[in-house]
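J.: So the chains spell out like this:
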Amino acid sequence: MLQLVATHAKYQILETVRIPIAVIGNVFFPVAVMLFFVVPFTRDDPAEATQATASVVTFALMMSFLFTYGVGVAEDRGKPWDSYTRTLPAGSAPRFAGRILSGFTFMALSLVSVVVVAAIGTPATLSPAELAAALGALVVAAIPFALLGLAIGYSMPFKAALAFTQIVFFPLAFGGGLLGPPGDGPGFVETVAPYLPTRGAVELVWAAVGDYEINPTAMVMLGLWIAGTGALAIWAYRRDEGRRFS
Amino acid sequence: MAETLARAVAATRRYGGIVAVDQVSVEIRAGELVGLLGPNGAGKTTLINMLIGLRRPTSGTVELFGGDPRSPASRRAIGVTPQETGLPATLRVAECVDFVAAHYPDPVDRDELLGRLGLDGLQRRQTGGLSGGQQRRLAVALAFVGRPRLVVLDEPTTGLDVEARHALWQGIRDYHADGGTVLLTSHYLEEIEALAERVIVMGDGTILTDGSLESVRGMVGIRRVSLRIDTVPPLDGLLGVEREGDRTNLLTRDADRLVRDLVAAGAVFSDLEIRTTSLEEAFLSITTAGDADAAAV
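First to last, the sequence lines map onto chains W and V. Position 37 of the first sequence, counted from 1, bears residue number 37 in our numbering, the numbering being contiguous throughout. Position 173 of the second sequence, counted from 1, bears residue number 173 in our numbering, the numbering being contiguous throughout.
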């Protein structure tokens with residue numbers, strides 16, 4: 001079983017790595033956000049630089065999971081190869097687990113590149129304890145986006161999934177206050193932010209890397225989002241039979 | 001009687017309001033080489049997808065090796081071809097085979113299998129760089145990786161040239177001679193005639209005919225005598241009558257005799273044409289003939 005999971009992860013990673021631009025694209029966007037929006041504005045404030053980096057990391061994580069799962073799963077489901085793999089005597093678990101593993105692999109890649117840019121280009125600092133806390137926070141923060149991505153990927157055809165992911169992606173990032181320092185966004189963003197999963201996620205990461213007081217509303221909402229997206233993902237996964245007509 | 005490997009009992013599958021497979025019951029027994037024929041939309045692929053666990057029947061039951069086709073254990077002894085040429089374009093040929101082999105306890109030797117299908121020396125090529133025929137052969141090869149007892153080949157030779165098609169037929173015959181069971185769909189009557197011992201004809205989601213190759217071949221050898229005629233006299237061997245505008249089509253197995261009888265009966269007709277029915281038309285006329293017989297009784 002474990003061996004099959006590794007096999008599925010390996011081949012999914014191989015399929016992506018063979019198209020280098022797909023990997024570069026995954027890394028490019030968060031690095032570009034760092035270079036244009038964080039590096040020039042946080043020259044001499046380590047705390048602010050660290051917090052801004054945490055925002056970008058959460059942003060990268062959300063993007064990576066929404067697109068890898070939302071668009072990737074929908075695309076795979078439309079392919080005859082995906083139907084074929086369901087006829088192999090493995091069940092869906094290894095493929096599913098392999099997908100999670102490969103998703104984490106590419107996410108780790110983009111995280112590492114953001115952290116490298118932060119270390120070189122900004123005064124951001126992180127103690128080992130903060131780093132450990134940040135990794136833990138990131139795993140929790142990843143959950144609602146991975147689940148939302150899976151719900152999209154398993155319930156929609158490719159083109160709809162692509163459009164839908166792009167539509168939800170920006171309001172989640174902007175509305176959750178990922179694109180600015182905490183407490184400094186436009187008024188309506190501060191109002192809606194606590195109700196979006198992005199805010200709960202990024203607050204966890206902010207709290208892990210510095211002095212940030214977590215808003216309880218955002219935490220409760222994060223929990224609700226995890227439960228809601230989880231239910232949706234399970235529903236979509238259960239009803240899925242690949243393409244509808246064949 | 002030989003062991004039943006796959007079975008459908010009153011299996012029905014609907015997609016929304018469309019009934020793709022309607023109350024079909026069928027058994028595939030060990031050692032058989034079964035050809036499944038029918039026009040597009042007849043329900044062949046849906047029936048197969050239920051048998052290999054890709055689709056749940058809306059009602060009725062399907063079984064594979066006595067179990068639920070949707071449970072992985074039931075699928076351990078089947079081999080399936082990916083539809084179309086849907087191989088992952090960036091994977092290499094050897095990787096594709098290894099990936100599939102990782103799912104089976106005792107897979108066949110990769111290079112030997114590729115050699116048998118004429119894919120020697122292509123192990124390092126990405127599948128996206130193969131010709132259509134090579135992709136098709138690789139897809140068929142994947143069905144045999146896990147030493148299956150039952151292979152299900154959906155349109156295996158579409159897009160192959162004559163030589164490659166004949167090579168593949170020989171491969172299927174060899175596998176069958178070694179005791180393997182084959183369920184095959186095809187658009188090509190020639191392919192079914194070359195391979196199948198038992199033929200199942202589907203149309204409109206139901207099984208129209210299920211019998212030996214000989215018995216079905218007899219039904220398919222139908223001619224269409226098309227002419228302008230006011231009243232059709234009673235004729236022997238007339239299987240069905242179709243009206244097409246001002247033309248009348250007479251379906252028969254023996255067109256020569258039908259024309260002689262028409263002349264002998266003194267019927268007034270013009271613009272006589274005789275056409276062979278295509279495979280799809282022949283299947284349609286199997287249903288038409290059934291209706292005509294029923295009407296005659």
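Hints in this document: simulated from the structure, not taken from any laboratory. Treat the hints with care, since some could be wrong.
Unchecked claim - Under 7 Å between C-beta atoms, here's a sample of chain V residues computed to sit facing chain W: (1) R76; (2) G86; (3) T90; (4) L238; (5) V241.
Just so it is clear, CB atoms sit at the ideal spot from N, CA and C, and this is done for glycine as well.
J.: Each hint: holds or not?
T.: Status of the hints after comparison with the structure:
no., hint, verdict
1, R76, "4 Å, holds"
2, G86, "3 Å, holds"
3, T90, "4 Å, holds"
4, L238, "39 Å, violated"
5, V241, "35 Å, violated"
The earlier numbered hints that this structure contradicts are 4 and 5.
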